[in-house]
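Asks: The listed protein sequences correspond, in order, to chains V and C.
My numbering puts the first residue of the first sequence at 17, with every later residue one more than the last.
My numbering puts the first residue of the second sequence at 17, with every later residue one more than the last.
No lab work stands behind these hints, which were simulated from the structure alone.
Any given hint could turn out to be false.
When chains are identical, the list treats them as one kind, so a pair holds in a single copy or across two.
[Said to hold, decoys possible] With a straight-line cut-off of 20 Å between C-alpha atoms, the simulated SDA-like cross-links for lysine to any residue are: (1) Lys543 / Arg459; (2) Lys353 / Met315; (3) Lys78 / His665; (4) Lys649 / Arg678; (5) Lys663 / Asp226; (6) Lys610 / Thr639; (7) Lys78 / Gln541; (8) Lys651 / Thr103; (9) Lys677 / Met174; (10) Lys313 / Ala399; (11) Lys610 / Gly637; (12) Lys78 / Glu179; (13) Lys313 / Val121; (14) Lys139 / Gly77; (15) Lys610 / Arg638; (16) Lys353 / Asn343; (17) Lys610 / Asn636; (18) Lys144 / Met174; (19) Lys663 / Gly227.
Chain by chain, the residues:
Number of protein chains: 2
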Amino acid sequence: MRMRYSLRSLIVACGVTVAVAVPATGARAQDSLRLASPDGRNEVVVGVRDGFLWYAVRHEGKPIITPSRLGFAFRGAPTLFDSLRITDSTRATYDTTWTQPWGEVARVRDHHNELRVTVAETKAPMRKFTVAFRAFEDGVAFRYELPEQQALGDFEIMDELTEYTLARDAKAWFTKATVPKPDRYEMLYESAPASILDTVNAPLTLEMQDGPTVVLHEANLVDYAGIQFRGGPEQNRTLRIALPAWGDGVKVRGRTPFVTPWRTIQIADRPGDLHPQVLTLKLNPPSVLTGDLSWIKPMKYIGIWWGMHINTMTWSSGPKHGATTANTERYMDFAAKNGFGGVLVEGWNIGWDGDWYSNGNVFSFTKPYPDFDIAAIVKHGAAEGVGLIAHNETAMGIQNYERQIDSAFTMYEALGIHGLKTGYVGDYTLEGHHHHHSQYMVRHYRHVMELAAQHHIMLVAHEPIMDTGERRTYPNMMSREGSRGMEYNAWGGEGGNPPEHETTLFFTRMVAGPMDFTPGIFDLQIKRPTGTPRGPNDSRPRTTLAKQLALYVVIYAPLQMAADLPENYEGQPAFQFIRDVKTDWDTTRVLDGKIGDYVVVARKERGGPQWFVGGITDENGRTLDVPLSFLPKGKSYVAEIYADGPKAHYLDNPLPVTISKRTVTSATTLRMVLAPGGGQAIRIRPAK
Amino acid sequence: MRMRYSLRSLIVACGVTVAVAVPATGARAQDSLRLASPDGRNEVVVGVRDGFLWYAVRHEGKPIITPSRLGFAFRGAPTLFDSLRITDSTRATYDTTWTQPWGEVARVRDHHNELRVTVAETKAPMRKFTVAFRAFEDGVAFRYELPEQQALGDFEIMDELTEYTLARDAKAWFTKATVPKPDRYEMLYESAPASILDTVNAPLTLEMQDGPTVVLHEANLVDYAGIQFRGGPEQNRTLRIALPAWGDGVKVRGRTPFVTPWRTIQIADRPGDLHPQVLTLKLNPPSVLTGDLSWIKPMKYIGIWWGMHINTMTWSSGPKHGATTANTERYMDFAAKNGFGGVLVEGWNIGWDGDWYSNGNVFSFTKPYPDFDIAAIVKHGAAEGVGLIAHNETAMGIQNYERQIDSAFTMYEALGIHGLKTGYVGDYTLEGHHHHHSQYMVRHYRHVMELAAQHHIMLVAHEPIMDTGERRTYPNMMSREGSRGMEYNAWGGEGGNPPEHETTLFFTRMVAGPMDFTPGIFDLQIKRPTGTPRGPNDSRPRTTLAKQLALYVVIYAPLQMAADLPENYEGQPAFQFIRDVKTDWDTTRVLDGKIGDYVVVARKERGGPQWFVGGITDENGRTLDVPLSFLPKGKSYVAEIYADGPKAHYLDNPLPVTISKRTVTSATTLRMVLAPGGGQAIRIRPAK
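So that you can see chain V by itself, here it is in the shape it has in the complex:
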């Protein structure tokens, strides 16, 4: 028995328990305000009880969040939380539709109702703030607005007191935020009842008992700490926000007038309906980029990178240096021959020698190694339509980077480089010990994104702050890492990503936005140079080859890599799928899926008639029926199917792929047979 906890948790929950009664027992009108989405399915109720401002959320009449409190704790000022009254409220409706420059879907409609509730303290210092709530068909969101006022000017937030009390327990899918250390979101996924969570990263996916699936995240993170969620300490259903800190422990510094990021509660009847995720886009301002934007273009790319991870090349100078002129031009020729738009090169710039992850104050971002003739390389590529994608690893030496960034970006632009991958390996900044996801770092990433836009540079950030929809405002912010990508299959004590990894990733990390996962390893048993210490249980991709192809459809990225060495693609019939697949989409449909088990996604190319379908599974083989009813009726198509071959298995027989063609129509149902750790990739093109 566990009575002791039970009795104590009743006491702990008392303040909320009282508030819970409000909406349920028919509160007086002035006690609560209601806001519904235009389609009526999502509803927010807001009120004040016993001095606490609370909100609640319902979906189709069913409680999702029961009354949960809102407020702040400051350094050097009283908590703004427990002595509030509503002084004003206003309402509005918005309906906007726009075409995206690129994305998982071409058109987005933002149709929502808004309720702005202003509260003031009933005692000194009589501070006030507004919470803006928005109700959409795909969820709800709210943010705090702190107006300029006598009693609240400069402030230091020590804790945002936002609560999310789940109406029922939920199965949470998450990565830990704090154990063993921050780790840039690069932990393996876990699942646990939401009622016993520690501190976890965003986005947080919650399969509520008896549905729906809810994702907690944030949007329009501009000048704040990145969001995390924490449960406990006792078992209960109230989650709270945790904010990574500056070196001195302050979470957020600001001055009124000030707005927080939007706190988003995405709601989907089934997990597959989480995609395409456009809620965070609707909560970011429209694009600020004008003029000729032809330098922003989705593409596939290859790179001098995987060789360093499997020890056939080095980032550092020396006999195995990967970033040489000859090697890069070889990659560019391969790219040109196969329709890839860019070649990433890591290790091209001075600073990689020695213990590079301690070189945060050593890296140059303008000086290439002597064996890398950057101007000649860019020119070589330009002649065949292939761009150089530069690379900047900071190793968290932020000051060193910021001192050089303006001249570096000026140089890249002058050379004609329009793509850049950044890197931030490390848990804290070298100067000031600010947390990797702190407000200090959020400001830095934002600065880099804005500066890159000015210099016509598409940005891919590794070890990023999580995507909160910035790409709507800055369409040069292409994609990010922010989870365990392919590289984990090259090394690491735990044997690489487990086979269910991508089936969880799709419903968690991918809900935030595009990911630079870097799929496409064909040498799945990884030929490594002699002498490298490896054993029978080494890290390597725990997928079949067909699953590697399917990842091009399942994992969305506008800049999508073919990660393996060019020589590993030569003579491989399956490579044709990577040549054919697109990276920009008109339509996205999740046909079927279960978090952590499998998923099947169909996407239609932007500006063309082709569809691509990708299905992946975890360690269990399975057979799925895939109706092609998404195709236009009455038209005939050819499906080019890349399926797991006979006896394919991710562990000991990953390579067999069976390639076949068949005529299909919207009436066809394909039987998709997936091997353990397998996948299937399908190109559907109009019959000639």
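Use these hints to put chain C onto chain V, whose structure you have.
Replies: This is chain C only, laid out in the frame that chain V set:
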């Protein structure tokens, strides 16, 4: 990217990495010793390299545990770990078969090979110890033996340095041991890759990539701290043992000669093969109880208990006191009428008034409340063949309990009470602040078990130390709690046990041994007294009624409760299954199952021809084909089927049960349709 961790973990793992090479590259014969199970499927390899004693485990030639080190850290003495050499080894084979007094299975065969390896330090103080390894068809086990010697007499173990380096990553199913606090194993289950575990409870179930399923646990815990496992701090596949401490931080006190508990590694090709678990029984000594053991008898029982959890009764004295003479005799009459062997009564003894969980020094274990005439009650029950099951809650006041226990048990025996449920709510002992699972507490539980045997008392322990097979030696040790049982559905902030709870429990907690889960709630929406504050998302059993029935087959307990109030069984046709089901088994077969999703179990009654089948599912409804091929060929049976009724659903329609009969044979395949959160219970009796 995460290179920094990768490089560091290689360094950390260096000592082991070297050892890894030993078995793989063809070590010299004197470097390692091999031990195989009699059927050859499980193999242990043992050796010394660089002064470290290591062991490794293989299953059908496939690595399970790669070389992992063994040793101890002491207080006030050097670590016994890193300067070892093998001085001796011996081998033996054992083959024993015995009939259990009761159990999941009637007969157990213990057929194993043993290898004893003695090591000594190569430097002062030249201590020595032996590790005994045993290889069985269902797993392997080892224990340390510390012989009497000059340099090792009295000792204080601060850390047992046993490692378990998994050959591949695994999906771990576990409860946290330390977050938010010890919690007597009563946390919700989580799953995570084994490579990122914190500290978790035993038994620990590991679904290894590409199989098999492995359970880490211990056996024959007599005078040691209860085992826990810890991962990290970096992501890797090495688990270590964590031991709860005495109040002064020491983990284990002892004096040579001394043996540790067996460290068990149960290995099953599929999760269902974990049952019936007899590995820990084989590692405990045979029964020490002799003479007339008719006082030990498996049975079903009811109790004055659930009423306190749903607030219709109180433990404490007053108008709602549950433990009254009249109430108990009413329960006894109901028990007699329906074939139950006992009535548990909680709150019968002085000490429950006020804040009872702080009453650890107040409880009397001999003095009943004035409205409970214990002698008359026992006499009333005896006349109709129903025993009183006493109850002793200690609230961790161990000293208070130990002072009274001898006279209490003497009194119970004199009255004719042969059953006792104990309780240990609290995280630490009131005196000395010893951890709930510390060696101090292990000694206490053992003392109670032995004393109960002397007084002919069957014991059911709540808030126990986990089962490590003691029931073989003391068959009066019937069952335990040790996870979240039915009571969590009566209260608690997280809304009760989630619907997948029992589908996980079966493959985790239940692998240790019988559990006093207390199934059988029929009033699934729980009628509570007016005025008790409850809301629409209150705790209540998140199962259908048919699933409640199925739990009698799925969850094994020799003393099995029908937990609901007697009045809630009146007039219920489904109650007939509880009347019919048995609690002692000749044979147990897990027909199908997936951890956390569903399970179907068939059990044959002891001493009779009947079979019982129980199937349960998580929140997903599903249809399973259940072949009855376990029945003897050529015989005709009647299956009495208790199935989820039309539109049954654990959340809003839990009650419909459809009862039907059909004739079946060993050639029949039943189609088992389970509702969301549902179940099915089947009695199969010979056709007349």
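Asks: Give a verdict on every hint.
Replies: Going through the hints against the structure:
1. Lys543 / Arg459: Neither, since 42 Å and 55 Å both go past 20 Å.
2. Lys353 / Met315: within (14 Å within a copy, 77 Å between copies)
3. Lys78 / His665: Classified as between; 16 Å across copies, 43 Å inside a copy.
4. Lys649 / Arg678: Within one copy, since 17 Å is at most 20 Å while 48 Å is not.
5. Lys663 / Asp226: between (38 Å within a copy, 14 Å between copies)
6. Lys610 / Thr639: both (14 Å within a copy, 18 Å between copies)
7. Lys78 / Gln541: between (49 Å within a copy, 18 Å between copies)
8. Lys651 / Thr103: neither (60 Å within a copy, 80 Å between copies)
9. Lys677 / Met174: neither (60 Å within a copy, 66 Å between copies)
10. Lys313 / Ala399: within (18 Å within a copy, 89 Å between copies)
11. Lys610 / Gly637: Result: close both inside a copy and across copies, 14 Å intra and 14 Å inter.
12. Lys78 / Glu179: within (19 Å within a copy, 49 Å between copies)
13. Lys313 / Val121: within (15 Å within a copy, 67 Å between copies)
14. Lys139 / Gly77: neither (36 Å within a copy, 74 Å between copies)
15. Lys610 / Arg638: both (12 Å within a copy, 15 Å between copies)
16. Lys353 / Asn343: Within one copy only: 16 Å inside a chain, 88 Å across chains, cut-off 20 Å.
17. Lys610 / Asn636: both (13 Å within a copy, 12 Å between copies)
18. Lys144 / Met174: within (18 Å within a copy, 55 Å between copies)
19. Lys663 / Gly227: Answer is between: at 17 Å across copies they meet the 20 Å cutoff, but 37 Å inside does not.
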